[in-house]
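Got chain E sorted already, so can you dock chains V and B onto it with the hints?
Chain by chain, the residues:
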Amino acid sequence: MAVPPDLVAGSATGSIFDLGYRGYDGPRLGRRHAISSLFAQSLKWTFGIGRGGRAKIAPFALAGLTLLPAVLAVGIRALAGPATARVSPITPQQYLTFVQTFIAFFVTAQAPELLGRDQRYHVLTLYFSRALERTDYALAKYGALVCALALVLLVPQAVLLLGIVFASIDLGAGLGEALPLVLPVLLSTVVAAAFFSGIGLVIAAFIPRRAFSAGAIVATFLVLSGVVQVLVVQGRLRDPLRYVALLDPYALLDGLAATLFGEAGRNVTVTGSGIDPGIFAAGACVVAVAALIVLVLRYRRIEA
Amino acid sequence: MSGTAPTPTVSVSAVAKWYGNVVAVNDVTFGLEPGVTGLLGPNGAGKSTLLHLVAGLLRPSAGSVSVDGRPTFGDPAVYRRVGLVPEREAVFPYLTAREFVRLSAQLQGLPLGTGAVDRALGTVELSMAADRELATYSKGMRQRAKVAAALVHDPAVLVLDEPFNGMDPRQRLHMMALLRALADEGRVILFSSHILEEVERVAERVLVVVAGRLAASGDFREIRRLMTDRPHSFTLRTSDDRALAGQLVGRPTVSGLTFEDGRLDVRTADFATFTRELPVLARDAGVSIFELAPADESLESVFDYLVRR
Amino acid sequence: MLGASVLGPLVDLTMRGLLGRRRILLVGLLALAPVGVAVVLVVGGGLGTTAQLTRQIYDSLVMTTIVPLVALILGTTAIGAEIDDGTVVHLLTKPVGRGWIVLAKMLVAGTAGVALCGTSVLVAGILLVRLDAPGLVLGMLVGAVVAVIAYTAVFVTLSVWTGRALIAGLAYVLLWEGVIASVFSGTRLLSIREYGLAVAAGIAGPEAGTLARDVPLATGLVLAAVVTTVAFWLGARRLARFEISDAG
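Residue numbers (our numbering), protein chains in the order written: chain E, 1 to 304; chain V, 1001 to 1309; chain B, 2001 to 2248.
Isolated chain E, as found in the complex (with noise of 0.2 angstroms):
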């Protein structure tokens, strides 16, 4: 704001200011900032908040639907009393693998939606004459959908948890039993969602047709792990062409939870290929950073 210059008491002169366009040399919140409010706007998204009522749907739909089993699980033991509190029809190590077409599907419906409809209408241009970098851009979208997917997973396995806790006949016998599996839920949900989603977002940062993009993410799971399963399962392969196993992201899944819950592994890739699950779940884990530096080297090359 201009300050009037000549404010005296009791002179007569007058002044008339210039109210157009002014520079800011203020403090400027810089990258880290851009970076968080990328992330954070990224999140909202997501689910749709932000977006209007339609956007909503697919998250909140496949949200939902993720949380029900669960729900129900725990409705179930409780409905069935304390005596039945060790038969529950679904574990926490087996969460994952039961819902992971919804997994797949919360993917499909997002990773188009975040990255698609910057490169459609050309905002790339306006993010990177930004403060932000384009590996920041990267790295916040990439978070964003992770964050998200994490988020949906880990409530219904919490709910889990819970209900493991309180149907159980004494409170501390409850504890004991769900407490060692926190860190397990929590390492395998951040894993799946990352690799899920690092998946996704590759095939998204390529297609910019949203559209395409989720039709391509879902034939990439759908044939990824169906040609897989037949091959491994039906062929009876000899090393080291069994290894093909391991680009079943449904398998990738399986035996992640196996590993980190220290059981055996259920898909039937995972048992067909005899292969250790410790070995799927370290594709896994690979699979999620690989996908990550594909994604920062794609938009550290693409045209803005």
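Among the hints, a few may not be true.
Straight-line alpha carbon distances no greater than 25 angstroms define the calculated SDA-like cross-link-like pairs of lysine to any residue that follow [what the hints assert, rightly or not]:
1. E:K56 with E:V123
2. E:K56 with B:D2084
3. E:K56 with B:G2163
Restraint ranges, calculated between C-beta atoms of paired labels, are given here [unchecked claim]:
4. V:S1011 with B:D2085: 31 to 37 angstroms
5. E:R130 with B:T2229: 53 to 59 angstroms
6. B:G2209 with E:V294: 39 to 45 angstroms
7. V:G1074 with B:G2209: 49 to 55 angstroms
8. E:E177 with B:V2179: 33 to 39 angstroms
No lab work stands behind these hints, which were simulated from the structure alone. Glycine residues also receive a C-beta, built at the ideal position from the N, C-alpha and C atoms.
The following block gives chains V and B in isolation, referenced to the frame of chain E:
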């Protein structure tokens, strides 16, 4: 245009178009004859909707739109006589201009080898660049390619939606000359624009659309004269502005006087009486009038008035 | 109005739009996945390949996933892309019957699908069972071809009716054919996959094995033909009343 074809007529009668609760075009009636008609209006007034209705791409919610007596919507045969240059930039990026115009010709049923494609490309001055893909074209070149495709079958009615978009001044002049030439051959040309100078220069008639309704139609100078509830402005250059002003200020027909450098601006509510009185007053005051010109008989002021009404 | 003479230019245009880009590589890759599977199995399979294995691959991979997805991508792109970016206006402002436009799209998408999926099934089949079960291979080929043609026709029409054709098509393939039609046997006659499998089983005859179903060959063929024709008719009608405002 072929000499044996009948004179084209476009007739729009009480046409309305609504989408749910939003009325885009409301009770519009006009007829078009050979010549250039400009469709004017602010953004969102319904110009594009009206053009799409005339071009048969939209179904009227009420009323009728017909070319040569036949309704335009749902009748692909109407496109033998009608060509449309749409506003959207989208063309087939993987085609060259020549292939695009040739496609247009083929879909119009023109026999090959008549040179229609080359003629059309020549008319829009794209002959040199015709074999490059449309994806490599600038906006103005794509616009010209679309015009060529719309002209290739020698249409009797040509509808253009914001045709001067993206054209540089030279191309614009060329296009204006082209439209005039086409109109002189007996075609009906209807184009929309929000750039008043363009319309002023090319169009014989204007249709002014405001908020979906037709606010005025005809020669814009005539429209101006019809706007009697607004004072006319005149600019005078005389040998003695002050003396004349002194005479004028006493007359009831004069509602305002302004001195500008070397000019006298006069506003009058009664145009006819003023023009009769002025020479008499000037002679009596001994003032010579060098120039008397209407100050606001531009399309801009007409448009401005109509839009704000 | 113009007749068949416009078919040539329209087919040409569609082919260039559909096939001339990077996209076709992805679709090709998808379509040839069964060949990849066959190669891996033949080269690395422990106990050798059998006709039974081939049938399972055909049923669970090819007909369930590959064929519908390939048809979906080809069918929705054939006219969907042009409607989406507005270039369809250049086709609609011509004295061309809307049926010819739809026909051209279906022809190109269908032919591309048949070429890709047909080749894939044929090559994979021969790799897997060599010449031991020619009836089976022939059956699989014809079944896949019939299914692709019906699928592409449906998806082209879907693109004319809605802008969300890809999602709708996916829902049809995954939810309707994937879940409902397999669970509720009464609705089996409403599934293109069933028609394809019925044709395959019918032609394979004694070699059909586990592919055999209650639906006879003739029914499968007729229903596929009906679906294709109805899809064409619906698409042409809808395109005839298609409205384009300046927002596209």
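So, going through the hints one by one against the coordinates:
Restraint check for K56 of chain E and V123 of chain E: the C-alpha separation of about 23 angstroms stays at or below 25 angstroms, so the hint holds. Proximity of K56 of chain E to D2084 of chain B is assessed by CA-CA distance (about 23 angstroms); at most 25 angstroms being required, the pair is judged to hold. Taken as a hint, the K56 of chain E and G2163 of chain B pair is honoured in the structure, with Cα atoms around 19 angstroms apart against an allowance of 25 angstroms. S1011 of chain V and D2085 of chain B have their C-beta atoms about 33 angstroms apart, which keeps the hinted 31 to 37 angstroms range intact.
With their beta carbons about 56 angstroms apart, R130 of chain E and T2229 of chain B fall inside the hinted range of 53 to 59 angstroms. Between G2209 of chain B and V294 of chain E the beta carbons are some 43 angstroms apart, a value that agrees with the proposed interval 39 to 45 angstroms. The given range of 49 to 55 angstroms is respected by G1074 of chain V and G2209 of chain B, whose C-beta atoms sit roughly 52 angstroms from each other. For E177 of chain E and V2179 of chain B, the Cβ-Cβ distance of about 35 angstroms falls inside the hinted range of 33 to 39 angstroms, so the restraint holds.
In the structure shown, no violation is registered for any of the earlier numbered hints.
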